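**Student:** Protein sequences, first through last, are from chains A and B. The first sequence begins at 3 in this note's numbering and counts up one residue at a time. The second sequence begins at 3 in this note's numbering and counts up one residue at a time.
If you are wondering where the hints come from, they were derived from the structure by calculation, not from laboratory data. It is possible that part of the hints are untrue.
[Said to hold, decoys possible] Listed next, with one range per pair, are the computed distances between beta-carbon atoms:
| id | chain 1 | residue 1 | chain 2 | residue 2 | range |
| --- | --- | --- | --- | --- | --- |
| 1 | B | 272 | A | 103 | 51 to 59 Å |
| 2 | B | 187 | A | 93 | 29 to 37 Å |
| 3 | B | 372 | A | 88 | 24 to 32 Å |
| 4 | B | 294 | A | 6 | 46 to 54 Å |
[Said to hold, decoys possible] To spell it out: a stretch of chain B is covered by chain A in this simulated footprint if at least three of its residues, at any positions, have a beta carbon under 8 Å from a beta carbon of chain A; those stretches are:
| id | stretch |
| --- | --- |
| 5 | 47-55 |
| 6 | 325-331 |
None of these values were measured; they are calculated from a predicted model. Just so it is clear, CB atoms sit at the ideal spot from N, CA and C, and this is done for glycine as well.
Number of protein chains: 2
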Amino acid sequence: MTPARGFEPAEFEQRTRKAQARMAKDGLAGLLLLSEPEIRYFTGFHTLFWQSPTRPWFLFVPAAGKPVAVIPEIGAALMRQSWLDDVRTWSAPNPSDDGISLLHDLLSPLAQAGECLGVLKGHETGLRMPLADYERLMQGLPGLHVADCTPLIRALRMVKSEAEIAKLSHICGIGSQSFAQVPTFAAEGVPLGEVFRSFRREALRLGADDLPYLVGGAEPGGYRDVISPPTARPLARGDVLMLDTGATWDGYFCDFDRNFAIGHADDAARRAYDVLWRATEAGLGAAQPGATCRDLFEAMRAVIAELDDQGGEVGRLGHGLGMQLTEWPSHAAFDATVLQENMVLTLEPSLSYGDGLIMVHEENIVLRSDGAHLLSDRAAPELPII
Amino acid sequence: MTPARGFEPAEFEQRTRKAQARMAKDGLAGLLLLSEPEIRYFTGFHTLFWQSPTRPWFLFVPAAGKPVAVIPEIGAALMRQSWLDDVRTWSAPNPSDDGISLLHDLLSPLAQAGECLGVLKGHETGLRMPLADYERLMQGLPGLHVADCTPLIRALRMVKSEAEIAKLSHICGIGSQSFAQVPTFAAEGVPLGEVFRSFRREALRLGADDLPYLVGGAEPGGYRDVISPPTARPLARGDVLMLDTGATWDGYFCDFDRNFAIGHADDAARRAYDVLWRATEAGLGAAQPGATCRDLFEAMRAVIAELDDQGGEVGRLGHGLGMQLTEWPSHAAFDATVLQENMVLTLEPSLSYGDGLIMVHEENIVLRSDGAHLLSDRAAPELPII
Chain A
3 MTPARGFEPA
13 EFEQRTRKAQ
23 ARMAKDGLAG
33 LLLLSEPEIR
43 YFTGFHTLFW
53 QSPTRPWFLF
63 VPAAGKPVAV
73 IPEIGAALMR
83 QSWLDDVRTW
93 SAPNPSDDGI
103 SLLHDLLSPL
113 AQAGECLGVL
123 KGHETGLRMP
133 LADYERLMQG
143 LPGLHVADCT
153 PLIRALRMVK
163 SEAEIAKLSH
173 ICGIGSQSFA
183 QVPTFAAEGV
193 PLGEVFRSFR
203 REALRLGADD
213 LPYLVGGAEP
223 GGYRDVISPP
233 TARPLARGDV
243 LMLDTGATWD
253 GYFCDFDRNF
263 AIGHADDAAR
273 RAYDVLWRAT
283 EAGLGAAQPG
293 ATCRDLFEAM
303 RAVIAELDDQ
313 GGEVGRLGHG
323 LGMQLTEWPS
333 HAAFDATVLQ
343 ENMVLTLEPS
353 LSYGDGLIMV
363 HEENIVLRSD
373 GAHLLSDRAA
383 PELPII
Chain B
3 MTPARGFEPA
13 EFEQRTRKAQ
23 ARMAKDGLAG
33 LLLLSEPEIR
43 YFTGFHTLFW
53 QSPTRPWFLF
63 VPAAGKPVAV
73 IPEIGAALMR
83 QSWLDDVRTW
93 SAPNPSDDGI
103 SLLHDLLSPL
113 AQAGECLGVL
123 KGHETGLRMP
133 LADYERLMQG
143 LPGLHVADCT
153 PLIRALRMVK
163 SEAEIAKLSH
173 ICGIGSQSFA
183 QVPTFAAEGV
193 PLGEVFRSFR
203 REALRLGADD
213 LPYLVGGAEP
223 GGYRDVISPP
233 TARPLARGDV
243 LMLDTGATWD
253 GYFCDFDRNF
263 AIGHADDAAR
273 RAYDVLWRAT
283 EAGLGAAQPG
293 ATCRDLFEAM
303 RAVIAELDDQ
313 GGEVGRLGHG
323 LGMQLTEWPS
333 HAAFDATVLQ
343 ENMVLTLEPS
353 LSYGDGLIMV
363 HEENIVLRSD
373 GAHLLSDRAA
383 PELPII
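Full structure from sequences and hints, please.
**Tutor:** Pasting the structure below:
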């Protein structure tokens, strides 16, 4: 059944309360958030207009009470439909003052009191406003301390609500149905670019809102690159085709791939597939609340090592999933994050084989008290042949 | 005819030489670029992998010679297909050192010589790396001066090459064909969300690679919001439907909209449409090399003032177009940019009318020595009725 779009106001209230509880512990008098997922997380503000880099957007989360939006006029109508009461706007773009004086007014009391403001400065974040404006804003607020609030936001966003899980489950279902259609349009002689185009159209037909991410490859016996756009080369017998999709529904992503052999699979490709399928099984078994991302990584790596003990070039074996294609945490040796109930994760073992070939498997899961539940339909145990 | 994908190496060499000539004038010993369009502009590195916020990417453009890429290992295969010779990689993600020590080594000679490094800090830019990492990098390079290189990059990217114009013309043609199909799937009773889905599938069928941007609205007599996702409300007789698309081909965008009345158009909507159609005509006439963006803005505003003298909430009446949905410059009173041959621009007059209704028209043009040439098929002179 298709879940409801959007969220109840109670969801945003709860997210805000949780943030404020953590802010009190961390000694933060407010958060200044600039990025699409964070602003959406606390307000529900959902628009593709973020594609335009022209205008900055700001959300202030105070120590108590509702967040305050400081946004371009063009977003006012949409933001005023949210649960917020205080939406401040300016006519943007305005290069000489793109929200800076409004922010200055809002943050001055904190600066005068010598308070600490949380800003996202850490891993997997960026600054979505002109750096010169940021520096000017901070120079105009002497006395204001700035602290990195990445751990706070990360801790909140990593654990999903049931409403978020319903959206993620829905789009993963659409992704699975889309992959099931691949044999109807991918065949010997069809250019890879056409396979991509057909996949996009099929996923939309099956209910995806959008496919912001679709990558893949197809070459004889395997593929060498997992991030390139498609070539016009026709699929040939003996190719291994991989498609990896980040489709969205109501602003939530699936992120998993599938591998197919065209006409015939050689032993090396079948062996790589088998190792990765079993590495995923090991990951599914290890994905338990209380284990760490490192544990999960080690469980998959132990199987991958049957064929490849180098670790590959992807840098990790999966990650968090939600409003973004990739989110915290990382299944990697460096990440000691403790897995918790209601985290939504990818398991993404990869390996190198043969002469510079690479293979990747990926599934999407939600962690429950009893372990991993698949959101994607499990890949076939043997490399499917089209 | 479909243009070739990608660019000849000579194009990247020329872009780099132009940047270096301007760097010499500005006293810059190098540029450090972090964002997708800039890295693609100088290398051709083209991937949807930027959807993942996890890893930072860096390109250093020296005062002479080819750029140097400092990128995650996962991008090495693709970047090594570019015209660059020097591609340095690390196993990313690595929160304790995500490229920072590689950058430090690269930039140390500049710091020791007290040179000046250009970084994008200005309008319509952001910092696509963790702010804490940026601060740490700069603290570790005492002696290095940092200057905003936005004017330099802006001046380069605003004027398109013939190869870029061919791609932009191609996707604008696909956009026009897609809009021509709207009457085949938009009709009384069809939910707006289904109209969006059909538009996406049609544009893909007609050759678009992707539709990163599709917004619009439909309400009785007009629409109130131009950035929201679609509702499930069925189209009704008397609605004005607007669709605004940013479709891409080979990494270049079209960005224009079309308006349609469902079954019947009331006088207010027809009048608003007429004013905007003539405002666009005025813009087409005013778009001449040597005029300024402000001139173009004033030409359109003078017509819009027949119905609305408030200026509206969009903040400008068009903008640059290219690798991004919206680029420099802005057709606004604040922008004195002089229009040049081979700029690709949108003309986007909008107005408010009735009880909180808004209407937007948009066309895409390329400036030639003799003035504006349309890349989009000109909208019908009267509000089309479906």
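**Student:** Of the hints stated earlier, which fail here?
**Tutor:** Of the numbered hints given earlier, those the structure breaks are 1, 3, listed in rising order.
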